[in-house]
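One-letter residues, chain by chain:
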Amino acid sequence: MSGASDATTRPPALSERTVTFQDLPDRPSDSGDLHSERMELSMGPQHPATHGVLQCKLVLDGEKIVSLDPVVGYLHRGKEKHAEAMTYQQFFTLTDRLDYLQPLANEVGWALAVEKLAKIEVPARAQAIRTIICEFMRLSAHLVWAGIGGVDTGAVSMFMYAFRDREALFDLMDELTGLRTNQEYIRIGGVGADLSPELVLKMKRWVADFPKHVDEFELLLTGNKIFHDRMRGVGTITAQQAIDLGITGPCLRACGVAVDLRRARPYLIYPQLEFDVPVGTRGDAYDRYLVRIEEMRQSAHILEQLLDALPAGDWIAKDWKNVLPPKGRVYTSMEEMIHQFKTVTEWCPPKGEVYVATEAANGELGFYLVSAGRSHPYRVKIRAPSFVNLQALRPMTEGGYFSDVVAVIASLHFIMGECDR
Amino acid sequence: MGLEEKVPDVMTGKLADLVGWARKNSLWPMPLGLSCCAIEMMATVGPRFDLSRFGAEVFRFSPRQSDVMIVAGTLTWKMASVARRIYDQMPDPKWVIAMGVCASSGGLYRNYAVVPGIDRILPVDVYTMGCPPRPDTLIRAVMELQKKIEELAIDGRRSREPAFVQ
Amino acid sequence: MADAAANPPSSSNPPGVAPAAPPAALPPAASPPTPAAPPPPPPPEPWVVAVAALGAEPQPATQDGLAVFRVERDAWPSVARALRDDAALSFEMLLDVAGVDFPKRRPRFEVVYHLWSLRHNRVARVKVGVPEEDPTCPSVVDLWGTADWHERECFDLLGVKFTGHPDLRRILMPDDYPWHPLRKDFPVEGIDNSISYVRAGGVLMTRELDVDRPAGQDRTPVDLSHGDPAGFTDKAETEGEPPKSGGNGHP
Numbered sequence: 001m002s003g004a005s006d007a008t009t010r011p012p013a014l015s016e017r018t019v020t021f022q023d024l025p026d027r028p029s030d031s032g033d034l035h036s037e038r039m040e041l042s043m044g045p046q047h048p049a050t051h052g053v054l055q056c057k058l059v060l061d062g063e064k065i066v067s068l069d070p071v072v073g074y075l076h077r078g079k080e081k082h083a084e085a086m087t088y089q090q091f092f093t094l095t096d097r098l099d100y101l102q103p104l105a106n107e108v109g110w111a112l113a114v115e116k117l118a119k120i121e122v123p124a125r126a127q128a129i130r131t132i133i134c135e136f137m138r139l140s141a142h143l144v145w146a147g148i149g150g151v152d153t154g155a156v157s158m159f160m161y162a163f164r165d166r167e168a169l170f171d172l173m174d175e176l177t178g179l180r181t182n183q184e185y186i187r188i189g190g191v192g193a194d195l196s197p198e199l200v201l202k203m204k205r206w207v208a209d210f211p212k213h214v215d216e217f218e219l220l221l222t223g224n225k226i227f228h229d230r231m232r233g234v235g236t237i238t239a240q241q242a243i244d245l246g247i248t249g250p251c252l253r254a255c256g257v258a259v260d261l262r263r264a265r266p267y268l269i270y271p272q273l274e275f276d277v278p279v280g281t282r283g284d285a286y287d288r289y290l291v292r293i294e295e296m297r298q299s300a301h302i303l304e305q306l307l308d309a310l311p312a313g314d315w316i317a318k319d320w321k322n323v324l325p326p327k328g329r330v331y332t333s334m335e336e337m338i339h340q341f342k343t344v345t346e347w348c349p350p351k352g353e354v355y356v357a358t359e360a361a362n363g364e365l366g367f368y369l370v371s372a373g374r375s376h377p378y379r380v381k382i383r384a385p386s387f388v389n390l391q392a393l394r395p396m397t398e399g400g401y402f403s404d405v406v407a408v409i410a411s412l413h414f415i416m417g418e419c420d421r
Numbered sequence: 422m423g424l425e426e427k428v429p430d431v432m433t434g435k436l437a438d439l440v441g442w443a444r445k446n447s448l449w450p451m452p453l454g455l456s457c458c459a460i461e462m463m464a465t466v467g468p469r470f471d472l473s474r475f476g477a478e479v480f481r482f483s484p485r486q487s488d489v490m491i492v493a494g495t496l497t498w499k500m501a502s503v504a505r506r507i508y509d510q511m512p513d514p515k516w517v518i519a520m521g522v523c524a525s526s527g528g529l530y531r532n533y534a535v536v537p538g539i540d541r542i543l544p545v546d547v548y549t550m551g552c553p554p555r556p557d558t559l560i561r562a563v564m565e566l567q568k569k570i571e572e573l574a575i576d577g578r579r580s581r582e583p584a585f586v587q
Numbered sequence: 588m589a590d591a592a593a594n595p596p597s598s599s600n601p602p603g604v605a606p607a608a609p610p611a612a613l614p615p616a617a618s619p620p621t622p623a624a625p626p627p628p629p630p631p632e633p634w635v636v637a638v639a640a641l642g643a644e645p646q647p648a649t650q651d652g653l654a655v656f657r658v659e660r661d662a663w664p665s666v667a668r669a670l671r672d673d674a675a676l677s678f679e680m681l682l683d684v685a686g687v688d689f690p691k692r693r694p695r696f697e698v699v700y701h702l703w704s705l706r707h708n709r710v711a712r713v714k715v716g717v718p719e720e721d722p723t724c725p726s727v728v729d730l731w732g733t734a735d736w737h738e739r740e741c742f743d744l745l746g747v748k749f750t751g752h753p754d755l756r757r758i759l760m761p762d763d764y765p766w767h768p769l770r771k772d773f774p775v776e777g778i779d780n781s782i783s784y785v786r787a788g789g790v791l792m793t794r795e796l797d798v799d800r801p802a803g804q805d806r807t808p809v810d811l812s813h814g815d816p817a818g819f820t821d822k823a824e825t826e827g828e829p830p831k832s833g834g835n836g837h838p
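Protein chains in written order, with my numbering: chain A, 1 to 421; chain B, 422 to 587; chain C, 588 to 838.
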């Protein structure tokens, strides 16, 4: 990279043409008659490019970052404390708002934790619907990442393309659940409503078209020299550093570590599905971008398989001692009404504790749930991937240029709702 | 502004109309995007809902260059001093839209960390409901705000009565 | 549910109550059938034995089937190092550090570590007890860099100090916040919530106390133990008390 004299006349490859700060001669702070000082800069918490309310306290030496201290907690909404005052079913409202780009995926994580604790069997169709939902949510999160990543690096039209697709996805969610986002559709024991055949057809049509749209995104960004120069070699982290920092998800896979919870600690019906796990090589921002783009394609492939082979059956477990009965029955049958009453007010899982993790769009989303056998959880600890991944911001940016901070933040893609809980 | 004292009332009325029309159709929002509502706010600017039809396309993240602060998301006590400082930095005339239930009343968070409604620290002109409100609701809120702006007197006197949008 | 199917509720019975079964003929006097002996528990895996040999006490597994260990606070640094470096154990990644508050237990706090071995693809849970009188726990930042923020959060929300942590300060709450919110004796609504804002020179537009709510409701701490004097023990279960209805526990 240093451009040292090389006897061959071969021009350096595209990736090697980027000049890094190491190529520039080192300038001491006080050089001759030019006095320069370090500058302290607070970037955020209100900032267009910090992906939410993150404050970066920077110490700059000219354009070089001497130190970066991320300050989080500006969106700490006390969910873990609030969980101790809510029932298990009520907590779905708070899980939605963790990573708010993929609300139902967080709900699935919570439902899996509670069902493991209470040993509730979920029927096959409900598991399949949940898997469909998880993949749609992964697409939803990656679409926002793509759009906002484009905006942060200057490609504003990417935002429009990504949100066009997201609006179509929201239409499907609207038809299924009644809401565009923060849907609260997952229930303990299954899902809230069935997937009708017409909706399955609409979903199939959208999924069939989606890979062409990913091609459009790649046309805009992947071969774009400006985007490439902004992202290649920026925010590099080694696999060893990533594992040490506890990073999971696309950021870990971009470093070359082929770990995906859908394969390593499978849940729902992922073992029956065929998909690839994209893995990068260099651990820089560009690889993180490529990994996510390929994940979008793989999600579309997973959805194709699921929508073609949706098992018939119940969409919620018919275990009325543990699961809310269907509302139609509740209003007409006394027995179901009593079950509903008891489940809502008095349902208590057994004592115990579980740790259940799913592969969210940002990494491993884990719920550590401690139950004292009461109607409210005793302790809920949410292992938020964004909270852990954000620790990588410091090694990725310190020693680099200030103008790369935005590109690093865009490629790391943390969501403050999840980070601060 | 001593102009309105020198000029006959009918001309001031016309001038106020003109200024009101210009102001309401070129609102420059300052998005205080805090959490989930920020994503719906982005969707409002997105291709389907397109807030720029109302002249409010230019999302200036700098408070010095903006007219209306859209507080989209949950305000926590840690963030409150930042939000207030940003509001203070905005030049007059300025308005505030509370987007979503978290900004309007604290939303579903009644706990130690969340400000129960931004009207604890800021004067609010339009409250919207929803968690998050649909982009249509935000557009409706902007339209209600436009009605309020038309009523703004040329010397800055205005009604502090907030509007509520569902 | 079987009785509902076999005996559809008739108008004479209150719904949900199965009609009384007719008395069955008594079987001839015989010794009651002995229940089949439960299958013996499977032998612990070699790696669990290896961890136990380090000084970690295996705990019974819970519903998720993960191996659980309890480690004494003083032994934790050396056990942690062995967990990470030993080739047979190889827990390269620290997933999570959670603090749990059991106010009626001694020690009061429990710091729960979840470790993931990528090489062997296993997850283990390790619990370290931290007493209230001396709420310190050795930090594992030098072993797993990710512990940095996890331990800061545990300190912030629960007040457990981690010795050896390079920069132990609050992370989620404001720096000058005086309480530890996740403790069981801290109310969900909080105490003097606007304290940091007001100290930063902020302006409150309305009075901090709502005029249309009773004065006590804003400030009185709420007892989250649901009136259970026994706290988190087995007493309630063994004495056959029905679970208390938590209801819609909106504070």
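Honestly, the hints are just simulated from the structure, not real lab data. One thing to keep in mind: the hints can contain errors.
As the list claims (entries may be wrong) - Calculated cross-link-like contacts (lysine-lysine; reagent style DSBU-like; alpha-carbon spacing at most 35 angstroms): (1) A:K327 x A:K57; (2) C:K771 x A:K321; (3) A:K202 x A:K212; (4) A:K119 x C:K691; (5) A:K57 x B:K568; (6) A:K225 x A:K212; (7) A:K342 x C:K691; (8) C:K771 x C:K714; (9) A:K204 x A:K351; (10) A:K57 x C:K691.
Every value quoted in this text rests on a predicted model; they were computed, and no experiment measured them.
Hints that the structure is at odds with (numbers, increasing):
1, 5, 9 and 10
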